[in-house]
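Trainee: Assemble chains V and P onto chain U, guided by the hints.
Protein chains in written order, with the working numbering: chain U, 523 to 1008; chain V, 1333 to 1433; chain P, 10 to 501.
Source of the hints: derived by calculation from the structure; they are not laboratory data. Treat the hints with care, as some may be off.
Pairs of lysine to aspartate or glutamate residues, derived as EDC-like cross-links and limited to a Cα-Cα distance of at most 20 Å, are as follows [unchecked claim]:
1) LYS235(P) <-> GLU173(P)
2) LYS862(U) <-> GLU177(P)
3) LYS484(P) <-> ASP400(P)
4) LYS379(P) <-> ASP152(P)
5) LYS148(P) <-> GLU1415(V)
6) LYS94(P) <-> ASP894(U)
7) LYS148(P) <-> ASP1353(V)
8) LYS815(U) <-> ASP983(U)
9) LYS1425(V) <-> ASP152(P)
10) LYS862(U) <-> ASP158(P)
11) LYS479(P) <-> GLU436(P)
12) LYS235(P) <-> GLU259(P)
13) LYS379(P) <-> GLU421(P)
14) LYS862(U) <-> ASP289(P)
15) LYS235(P) <-> ASP215(P)
16) LYS1425(V) <-> ASP863(U)
17) LYS94(P) <-> GLU112(P)
18) LYS235(P) <-> GLU177(P)
19) LYS148(P) <-> GLU244(P)
20) LYS1425(V) <-> ASP158(P)
21) LYS379(P) <-> GLU348(P)
22) LYS862(U) <-> GLU1415(V)
23) LYS862(U) <-> ASP1353(V)
To give an idea of the interface, some chain P residues facing chain U are shown, with a C-beta separation under 10 Å as derived from the structure [claimed, not checked]:
24) GLY104
25) TYR105
26) PRO294
27) VAL299
Positions of the beta carbon are idealized from the N, C-alpha and C atoms, including for glycine.
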Amino acid sequence: MEALLSLAAARTALDEGGLTSAELVRASLERAQALEPALHAFVRMRGEAALREAQEADARRNRGEPRSLLDGVPVAVKDNLVRSGETTTCASRILDDFVSPYDATAISRLAASGAIVVGATNLDEFAMGSSTENSVFGPTRNPWDRSRTPGGSSGGSAAAVAAGIVPIAFGSDTGGSIRQPASFCGVVGVKPTYGRVSRWGLVAYASSLDQIGVFAHSATDAAAALERICGHDPRDSTSLPEPAPQLMSALTGDVSGLVIGLPREYFDAAGAEPGVLEAVRAAVAELEAAGAKLREVSLPHTPFAVAAYYLIATAEASSNLARYDGVRYGHRAAGATSLKDLYLRTRSEGFGAEVKRRIVLGTYVLSAGYYDAYYRKAQQVRTLLRRDFEQAFAACDVIATPTCPEVAFALGARADDPVRMYLGDVYTVSANLAGLPGVSLPCGRHEGLPVGLQLLAPILDEATLLRVADAYQRRTTHHLARPELA
Amino acid sequence: MSGIARDEVRRIVALARLSMDDAELDRMQRDLAAILDYVETLDAVDTSGVEPTSHVIPLATPQRDDVPEPPMDPDLAVANAPEVSGSAFVVPKVISGEEEG
Amino acid sequence: MSAAPDSGYEVVIGLEVHAQLRTASKLFSPAPVTYGAPPNHSVHPICLALPGVLPVLNRRAVDLAIRAGLATHGEVRRHSVFARKNYFYPDLPKGYQISQYEEPVIVGGWLDIDVEEGGEPRTLRVRLTRIHMEEDAGKSIHDPAIAGDGTQVDLNRAGVPLLEIVSEPDLRSPAEAVAYLRTLRRVLRYIDASDADMERGHFRCDVNVSLRPRGSGALGTRTEIKNLNSFRSVEGALRAEIARQTGILEDGGDVVQATMAFDPDSGRTRVLRLKENADDYRYFPDPDLVPLVLSEEQIEAVSASLPELADARCARYQADYGLSESDARALTASRALAEFFEAAVKASATRDPAKPIANWILRDVQRVLKERELEIEDTALAPASLAALVDEVEAGRTTARSASGLVAELVERGGDPVAWIRERGLEAVSDAGALEAAVEAVILEHAADVERVRAGEQKVLNFLMGQVMKRTGGKANPQVVRQLLAARIGVP
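In isolation and in its complexed conformation, chain U is listed as follows (with noise of 0.2 Å):
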């Protein structure tokens, strides 16, 4: 269903098309059922709740009184934003039945829109992962190829977006949680600045990297969600003090004499497949057409990344992940004999595999001894890249990079290689590391398979990235295309 698909097709149907809320919202649900055996992009739905807000979204409109662009249209949301009255699990069983007491400030944002959540989407367990294969519900799948996984860690997000069941789906982005699953299933998919939207209400993964962010079909569709999720929240004190930007005035599809900067470094030909690399340099090539200047630039750093991030990231998740312990909420030991006994056996039971890992790592990384080594050194790198950007922006308005090395691979291929795992990650970590705008767009298939486009800017400059990734799409239909399912 086309309003499904666009929310300018969604609002042209419900504003002039006769369509209700009620009707569209009962179609994507519908859907997601229909769905479901095959792709499993869901991990809860919340129909009648949706359904009674419909209700309330075709009221408003009959008043004329909508509240945003978003208001009435169907959308989906990570299970790591917190909902009021509402289970949120992170995909893993030591949250199975946690029930929350308050909205994440995205989601109170989204309310207030008139956005309607249809489902809350399937993930890595805890947003650790890359593929979605680390979720205790079991994989979400790709929906351009069933055996292959959609990326992660928002890949249930990703997957809902590409299936057509919601044309708008939120996640969060650690170390590229939107970008590598966007490009894995042919969405749009943006992380904005670090401390844009408020991390109030998503639960803790990697304090200093984790962003809440959006899927969607078009870039303007992204910009519209974007706007009404970004701006300062006093209860996150990383949020930044801006307020929302004005992104959808941005998008003039103007790319002329803007510059986009080629980091040498992600274009290596021993570093990714060839078809990634021939879609993603046909896509600049069409931006050059466009007007834009390109340029090689250097982030010489870039080979260091992938390290410092695991280093970070697991560091700050073991502190954070500390708290499930079977004594407040969540799940807890039967039987336990003493308080050691409840602790061991709770979290060994409630967390899995990854989890516990990168929980392990990142103990390790900070124990003494090994902080300075580890921990240190690895906020040292950070710093290094961070200049690599700040100098490389002196050259360039954009950088253009693959978004990751690859097309989707098939689930259960990299199960045994955790650290073949973490290096699909190369093109992603940096943007999280400095704090910075990105986005994924489609810009091709190789062997059928789609190809992302990452596009960075400077801090807060999310109204250039979007605008050149619309610029892009006014010229391209790379991004109009869908999976065939039933």
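Mentor: Below, chains V and P without anything else, positioned relative to chain U:
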């Protein structure tokens, strides 16, 4: 420094309040060694005189006014608890000296 | 006393105090700070460490920490960092405590303390290492009467702001340690940073103690006794531990680093936990908070809001009231005492009441306070009551001796001294007729002294006055007595 001693793995696993059988410890030891090996690449970077990043974007320190909000309904506060007694959380008896570490 | 004088060992003591800051809400959560509420009736999602919550710093706690730094002559660091101290315990809901580690908000500073040991008062400067802010943990209740065979956890206190004040190991005896703690407590109350109420657990002391051979510069192995919440237990714990360590060393053994518990009933310390391995708290800067950068504006605003500090007030008392330096220092040692003094002066009807009131406070009132180990703010004595009492004496309506006898009661239960004087017949006898008999009797009994007065020895007149006072049970109005005697003897 390649590899990590089995005892050290055990110590860290215990510090993180996880318990693992031998097979899991084997795997963990192997995975950690592989990851730490990979991470050793950072040794090649000259970071002398470089400040560690504490926050990517410098912010003025947010400080909030000392105005209390009404507390949570105590029933809601313990609503998710696996075990309660009245409005208190319950855990197995703590042996003194178990604290910390 | 630093170990037995002939033990050859010098005692080295360092103290860590955790004082609860006087804020309305918690350090990183807007939940109210309460006392005595039922379990978990004073919490917020942040206090419970629910998934997704984030900390936001309380400005008042910062201001109070700055005050404490200024009042102890410390350096207020413009840049300090909150760090996570990671460990598992049921009353620590996040599995880490937000504290300050490598970069605390205050470093250095000192307190001058007055010690009285063996009847010899002296002043000692105790250096401070640092002061920092941190969250308190909740409460674990082990009492089987309440918790049965489990442990109950109450998070009302989790997240309450604490100030941790660490001294250098400059103290050399239990008496010095207690003197330091009294002074610190007074300073914290002075600046309204903490009510430092030990019974409520708002002022908890950890002591570190070691011995070393006299003359040695190196530090011996120390043990730690935690969470002492009365001066008596601090003193008792130190004496016990010093005795224990002395015994070990004299037997040729080594003191092992450990955390000790003190049993006040047996008067002994015992090992609670050995510290062979340093606890691995994995401190790192809290990524949910940005560094605490203090503006000059904030520091100046705090400085301006500080109640007049002791030194300035001391100088003012000398200048404005003409008090001696030692009296001014004694009165300004505690803000409550100083404010009491000024209020009494204001309430007094006597002309130039400052010196008499100062005397009454520093001698009679302080004596009672010391006997009962009270601070003036903990008593029922009101400044207006003391002022009224002093006024009665200065006006001659009662004698100093009679008035003195009322002080203890006023301290204990307050009251109206003027009414008591009337009710208990303590009015000075001023009626000349009533006193003449006593005057005559004394003159007859001390004829030789009378001659000496006539010969010009004024001082002997005071002696004769004293005799009349004695005869009248201390009730005679001294001025009237003097007049009568002088007239009778025939001197001016």
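Trainee: Give a verdict on every hint.
Mentor: Evaluated hints:
| no. | hint | in the structure |
| --- | --- | --- |
| 1 | LYS235(P) <-> GLU173(P) | 13 Å, holds |
| 2 | LYS862(U) <-> GLU177(P) | 36 Å, violated |
| 3 | LYS484(P) <-> ASP400(P) | 16 Å, holds |
| 4 | LYS379(P) <-> ASP152(P) | 36 Å, violated |
| 5 | LYS148(P) <-> GLU1415(V) | 17 Å, holds |
| 6 | LYS94(P) <-> ASP894(U) | 16 Å, holds |
| 7 | LYS148(P) <-> ASP1353(V) | 34 Å, violated |
| 8 | LYS815(U) <-> ASP983(U) | 18 Å, holds |
| 9 | LYS1425(V) <-> ASP152(P) | 10 Å, holds |
| 10 | LYS862(U) <-> ASP158(P) | 16 Å, holds |
| 11 | LYS479(P) <-> GLU436(P) | 15 Å, holds |
| 12 | LYS235(P) <-> GLU259(P) | 25 Å, violated |
| 13 | LYS379(P) <-> GLU421(P) | 13 Å, holds |
| 14 | LYS862(U) <-> ASP289(P) | 17 Å, holds |
| 15 | LYS235(P) <-> ASP215(P) | 4 Å, holds |
| 16 | LYS1425(V) <-> ASP863(U) | 11 Å, holds |
| 17 | LYS94(P) <-> GLU112(P) | 13 Å, holds |
| 18 | LYS235(P) <-> GLU177(P) | 17 Å, holds |
| 19 | LYS148(P) <-> GLU244(P) | 26 Å, violated |
| 20 | LYS1425(V) <-> ASP158(P) | 6 Å, holds |
| 21 | LYS379(P) <-> GLU348(P) | 19 Å, holds |
| 22 | LYS862(U) <-> GLU1415(V) | 16 Å, holds |
| 23 | LYS862(U) <-> ASP1353(V) | 16 Å, holds |
| 24 | GLY104 | 3 Å, holds |
| 25 | TYR105 | 6 Å, holds |
| 26 | PRO294 | 9 Å, holds |
| 27 | VAL299 | 6 Å, holds |
The structure shown violates the earlier hints numbered 2, 4, 7, 12, 19.
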